[in-house]
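J.: These protein sequence lines are chains A and B, in that order. 1079 is the number that this note's numbering gives the last residue of the first sequence; the numbers go up by one with no jumps. 1079 is the number that this note's numbering gives the last residue of the second sequence; the numbers go up by one with no jumps.
In case anyone wonders, no lab produced these hints; they're calculated from the structure. Predicted model, so just to flag it, every value in this text is computed and none were measured. Please note that a few of the clues may not be correct.
No distinction is drawn between identical chains; accordingly, a pair holds when it is met within one copy or between any pair of copies.
Pairs of lysine-lysine, DSSO-like flavour, derived with a Cα cap of 27 angstroms [unchecked claim]:
| no. | residue 1 | residue 2 |
| --- | --- | --- |
| 1 | K932 | K839 |
| 2 | K932 | K832 |
| 3 | K778 | K839 |
| 4 | K910 | K832 |
| 5 | K869 | K910 |
| 6 | K910 | K792 |
| 7 | K898 | K876 |
Protein chains: 2
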Amino acid sequence: MAEEISGLEFLKSFDIFANFTDEALKRLLSKVEILELDAGMPLFAEGETADSLYVVVSGEIKITRKIGEDMEKDVSLLGPKSICGEMSLFSGRTKRIAGARAKSYTRYYKIHIDLVREMFVGDPEGTSRTFKAMMLARYHQLAKSDRELATVYELSRLMGSDLNLKEFCHSALELICFSIPQAESGLIYLLDRRSGDYIRRGEVGYEQAPEILYFDPPAARVIGLSLGAARMDPIVVSDPLRTAGMLKGIAEAKAAIVMGIVVDEKLAGYCLLMNQSQVFFEKDCDMNLLRSFSVLLSSAIDNRSRVSGFGGH
Amino acid sequence: MAEEISGLEFLKSFDIFANFTDEALKRLLSKVEILELDAGMPLFAEGETADSLYVVVSGEIKITRKIGEDMEKDVSLLGPKSICGEMSLFSGRTKRIAGARAKSYTRYYKIHIDLVREMFVGDPEGTSRTFKAMMLARYHQLAKSDRELATVYELSRLMGSDLNLKEFCHSALELICFSIPQAESGLIYLLDRRSGDYIRRGEVGYEQAPEILYFDPPAARVIGLSLGAARMDPIVVSDPLRTAGMLKGIAEAKAAIVMGIVVDEKLAGYCLLMNQSQVFFEKDCDMNLLRSFSVLLSSAIDNRSRVSGFGGH
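Pulled out of the complex, with its shape left as it was, chain A reads as follows (with noise of 0.2 angstroms):
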């Protein structure tokens, strides 16, 4: 019973269950069937016929989508309490537009459509709210894909244009603040090979930063360190503790997004997005934005210092 009443609750949590009655939920709930995937196991297939739609219990699922023959690419991982594969409900029985695989060992709950499409019919009013409520939340989706979307899209043509150095990585800082709302500023040193000091070359929002770092900053070390392992991955930190630490002599800052900014495999500077006012965390962040930004922004700075004599060269 208290399992019932939790699955319930459960239920009541998602969009598209949220607006029918206890009795419907609980006659679809005797029905649901209660599953498992261990780390690495397929959940469906890009292209398999979909019936069902799964709710996350416990785990992760990576969705994939093919991007060539024999390629695919991690697109969103769904946490503990998500739901996906309901596209099915609307469309018949058409083919998965995208793959689904677990992450880690993952419980979950599969619901056959026609068990959904019965409670819908039995409630044309819940329907009629459940519909709204849930082409909001796309259109919301939509909104966050076509603005990140944008985002790349106007750093790619940033990196065409003929800026130099200084004004791209204004432009790009700019850009990239403005992208994740929790970065309320940015800075951008980078290693001049002359006097081995990393110099000021980019800020947004934070004018007070020192001009020159005389000394090797505890952020760059890190970055060294980690370019061993997991290379060019950004760092979110979110400990204020570890954040001070970190920019120590740099900026003051609650939290701290770390780029290390790679020319010919060397630690050639580093671009720091900071929130003074609040903490944040490494799931608030689209870490796929962040790792191509950081790509992005070490290659174009690649191509512009050979000019400027900054970076690697």
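Starting from the known structure of chain A, fit chain B onto it as the hints suggest.
T.: Relative to the frame of chain A, chain B by itself:
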């Protein structure tokens, strides 16, 4: 009367109206405002309160998103027979999540959401079919955006990898050919600064293309000419005769996309995407993706060509 009937057929061509009766649509039509905008005039601004949806009769509307305090970026273009602003139907009176502006002289219907809601209330059955069709369309749009993002992110991953020039060209071509279904095959030729020839450095689906071009290929001349005007913009060639002329001595194809690879503002090579079996048109291609691909390809080749001796160095 002729006007009314054609207006009726016009409305019925949209998901949102297709499932309602002629009577309901005629009632709606009698209250629609038919308006016009000159090129450059705003239809609505991002952040503005949303109370209407818009149907483009003739002309073009740009959809824009803010990517900075004073920066906006075009994210899509709506031609004749497009609809926008329909999110307001589901959200109540909320803010626009994107802006819209006439690209050319545009005639459009402005339809207050209360009129559409009235029609929905009067026909629950039609409303349910409408919601399903619209929801499905949003899922497909999301899939397109996600795939485009996955492509750009994968390309930036390739840029940050330690692939050599030839491996990079091959992988990048595979990626873009998969993302643009009209591109059945692809070639990359890069200028060898020692011999002055264009050498094949990447091919997908077209192994019989010549390894070396001993003459200045027509495609290169076309790109060279276009460099002065709209720098780096990919050219979509849909006319089989023009395609044959442009690709003379390189490949046989009915349609082609020609992209310049530009290093230090000079033409350092080019990327050709081809379709041997059918003609396609500019509207089938995502120009944002192509433009971005062209810039990123140029930047990555610039970095890698210093090592290999190819490209503009």
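J.: Does each hint hold? Answer for all of them.
T.: Structure-based check of each hint:
no.	hint	in the structure
1	K932 with K839	between (34 angstroms within a copy, 22 angstroms between copies)
2	K932 with K832	between (38 angstroms within a copy, 23 angstroms between copies)
3	K778 with K839	neither (32 angstroms within a copy, 38 angstroms between copies)
4	K910 with K832	both (21 angstroms within a copy, 12 angstroms between copies)
5	K869 with K910	both (24 angstroms within a copy, 24 angstroms between copies)
6	K910 with K792	neither (34 angstroms within a copy, 36 angstroms between copies)
7	K898 with K876	both (24 angstroms within a copy, 22 angstroms between copies)
The structure does not agree with the numbered hints 3 and 6 stated previously, though it agrees with the rest.
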